[in-house]
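Visitor: Taken in sequence, the protein lines are chains E and U.
With our numbering as the guide, the letters of the first sequence map in order to residues 1 to 361.
With our numbering as the guide, the letters of the second sequence map in order to residues 362 to 648.
Hint data in this document are derived by calculation from the structure and do not stem from the laboratory.
What you were told as hints is all true, and nothing was included just to trick you.
Rough simulated footprint, nothing fancy, chain E against chain U, three-plus residues with beta-carbon under 8 Å:
no., segment
1, 366–377
2, 463–477
3, 564–574
4, 616–622
Where is the CB? At the ideal position from N, CA and C, for every residue including glycine.
Here is what each chain is made of, one letter per residue.
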Amino acid sequence: MKKLILILSCVLALGACKDEKAPKASAKPVVKIGVIYPMSGDASFLGEAAKNAVNIFFEEFNKKLHKFDYQVIFEDNQNKLAKQATLAQKLINIDKADVLVTVMSNFGAVVSPMAEQNKVMHVAIATDPAVAQGKYNVICSSNPAGEADFLYEQLIKHGAKHIDVVVMNATGSQTMFDFFKKKAEQEKGLKIGQVYHVNPDEKDFRLMLHKIKENQPDYILAFLFAPTIDVFMKQYKDGGLTIPVTGVETFTYLRNKTLSEGMWYVDAAPPTDEYVKKYQIKTGSDTTDYAEYMDFVMQVITFGYEGAKTKDKEKVISFIESQSNQMLTAVGKITTEPDGVLNGQPVLKKIINAEPVVIEE
Amino acid sequence: MLLVLLINILIVGAGYGLVAMGFALMSSVSPFFNMTLGSIIAFGAYGVYGLTNICSLSPIAAIPTAVLFCAVMAVLLEKFIYTPLQSKGASPMVLLVASLGIYTIFEALIHLCFGPQYQILGGTLGQNINLGIFSMPKVQFITIVADFAVFGLVNFLLYHTFFGKTVRAVNANAKLADIIGLNNNKIILIVSALSGLILGLSGVLTGFDTGLEPTMGFNLLFKGIIAAIIGGSGSMLGPFLGAFFLAAAENIGVMLWASEWRDLVAFIIFILFLMFRPQGIFVKKEK
Chain E
1 MKKLILILSC VLALGACKDE KAPKASAKPV VKIGVIYPMS GDASFLGEAA
51 KNAVNIFFEE FNKKLHKFDY QVIFEDNQNK LAKQATLAQK LINIDKADVL
101 VTVMSNFGAV VSPMAEQNKV MHVAIATDPA VAQGKYNVIC SSNPAGEADF
151 LYEQLIKHGA KHIDVVVMNA TGSQTMFDFF KKKAEQEKGL KIGQVYHVNP
201 DEKDFRLMLH KIKENQPDYI LAFLFAPTID VFMKQYKDGG LTIPVTGVET
251 FTYLRNKTLS EGMWYVDAAP PTDEYVKKYQ IKTGSDTTDY AEYMDFVMQV
301 ITFGYEGAKT KDKEKVISFI ESQSNQMLTA VGKITTEPDG VLNGQPVLKK
351 IINAEPVVIE E
Chain U
362 MLLVLLINIL IVGAGYGLVA MGFALMSSVS PFFNMTLGSI IAFGAYGVYG
412 LTNICSLSPI AAIPTAVLFC AVMAVLLEKF IYTPLQSKGA SPMVLLVASL
462 GIYTIFEALI HLCFGPQYQI LGGTLGQNIN LGIFSMPKVQ FITIVADFAV
512 FGLVNFLLYH TFFGKTVRAV NANAKLADII GLNNNKIILI VSALSGLILG
562 LSGVLTGFDT GLEPTMGFNL LFKGIIAAII GGSGSMLGPF LGAFFLAAAE
612 NIGVMLWASE WRDLVAFIIF ILFLMFRPQG IFVKKEK
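Chain E extracted, bound-state conformation:
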C-alpha cells in the first residue's frame, strides 16, 4: 500500500511539474488544414515530398508574425479514388477542417462538390479547371491550357506534321489531351493520327508500339504518368523505335531518364533554384518531387487567411483571387485567372545526360 501511495505521489508530482512547464495555449485562432495525399501506395513519394514541404514551409512561417495558427492534418488516400470521399468527410465532419488540400485532378474532382456543399475551402493541385468550379474551390496548377498551347507551338517549331497519341485513362492526362486537341483543331497545322487510351496499370505496350511504328508519325505524344511511363519507355527502347516521344510532364517522373535521352518535353513550372537548394539542405534529397507545389499551396492558404484577417472562407478566397496575381512562390511568379485558378508558367525541358534541363522558358 505504501509503495502504491509512493508511486501515485511521484506520478502526480511529475504531472504537476509537466503542467508548469507546458506552453500556454496559443490565443490565436487555429486554421485546420486537411491534406489528402498518397502517403502509401505507388505514388507515396508525392506524399513524402508534401510532408517535407509542409514542415519546411511552417518552420520559416512560424518565425514571422502571424494572426492565425495553422494545424495540418495528413490523411493517406493510398492513391485510391475510393478512399478520397471518406477521408474528405472525416476531415470535414470530425476534424472540422477549414481547408482541404488535394492532389491530381481525379482526386480533386471528388472533393470539389463536397467542399461546395459543406462550405469548406478546397485547394487542389490539379490540371482540370473543372475542379475549381464554385465559390470554395481553388486550383494551384501549372496552367494546362498554357502547357498544351506551348506543346503545340513546340511541335510545329520542331517540324511535326503528324502525331500519334497515347493517353492514360486519368482525368489529368485526359484534360491535358483535350486542351491539346482543341488547340490542334483550331490551328489545323497538325494531324492527330491514332489515339491510344491505356489504363494506369498497363504493362504491355508492345503491340501498340508496333502499330505506332507502322504508322510512322513524326512524334509520339505520351500523356502518361509514373509508373506507366517507365514501362512504356522501356518497351519503346526494347522495340527499337526511333520516333521521338514528347508531351506534358512526360519525363518528370520517369525513373530511368536515360530511356528518354535527348528528348524534349513541356514541363510544369519548375521549382525556383532557391527552393531546390532549401529542399536539398533540409531533406538531403536531390529531387523535390513536386514539393514546391505544396509550398505554393501553403503560401496561398496562409496568404489568404493572413491577408483577409478573418476565418470567413468566402472573404479568404476572394482575397486570394484578387491579391495573389504576380505572387512570388516556390514555382516562381504566378498568374491568377478568374474562378480560382492560380498558374505557374510552363517550360521546355530536354533530357541531357539523364537529367532534365530547362532549354526554353
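Starting from the known structure of chain E, fit chain U onto it as the hints suggest.
Guide: Chain U in isolation, oriented as in the chain E frame:
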C-alpha cells in the same frame, strides 16, 4: 503484324504460364486460393533488386539466391502457417483470408524496405538478341524457354518419378495417402519448395522485363489463376496451355480494339469459363 502478335502471345503466355504452373502445383496438394503466392513472386523480383543494388551482387549470383529464397519462404509459410491451420480444420475460406492477410503484411514490408516506387532491374538481360526474322530482349526469350523447360520438368517429375506418384496420390485423396503411409507433410513441403522456385523465377523474369512494384505479385497471380482455371487443373498441360489461350485472347483484343480492354477481355473469358466450363479446356476426363 501477325508475326508480332504471335511473338507477343508467346511472351505474355510464357509469363502467365510460369505463374499458372506454380499456382496449379501448389494447389494440387494444398487446395485453396493461396494469395501469398503473389508475395513469393514479388520476393523473387525484389530479392534480385536488393541483392544487386544493396548488396552489390552480380545478377548471376543474385538470381539463384533470390529464387532459392522464394522456395524457402514458400516452405516456411506452408510449414508454419497453412499446415497448422489445416490441421486445426480451417476451411478453404479461412485459409484464403489468412493468405490475404499475410500477403498484405508482405506487401507492406516490401513498401518499407524498398519504397513504393516502380523500379527497373538493369543488366544485360534487357539487351536485345537477334533471332533471324525478329529480335527481342534476352529476358523475354529466357521467359519463353523457362516456361517450356518448367513445363517439361514438372511433367517429368509428376508422371515419370515415384515422387510424382506420391504427389498425385496426395492430390487425389490426402487422407487415403496418409493411411497407406505416405508422409503427406513432407510431400506438401517439397511441392511448396518447387512452387516457390517457379514463382520466384517468374517474379525475377517479370522484374527484368516490365519492372517491379510492390503490387506486382497480386496482379500476376490473378492472371496465373485465370490461366489455370481456363486450362483446367489435374495436369500441368491445362495451366501451360491456358496461359497461352489467355494471352492470345488478350492480345487479339488489344489488336482489334485497344489495350485498355485487355483486362476486360481476360475477365469476361474467366467468367464465361466459370459459368460454362468450370473444369477448364484441357482437363483430363475421369475414367
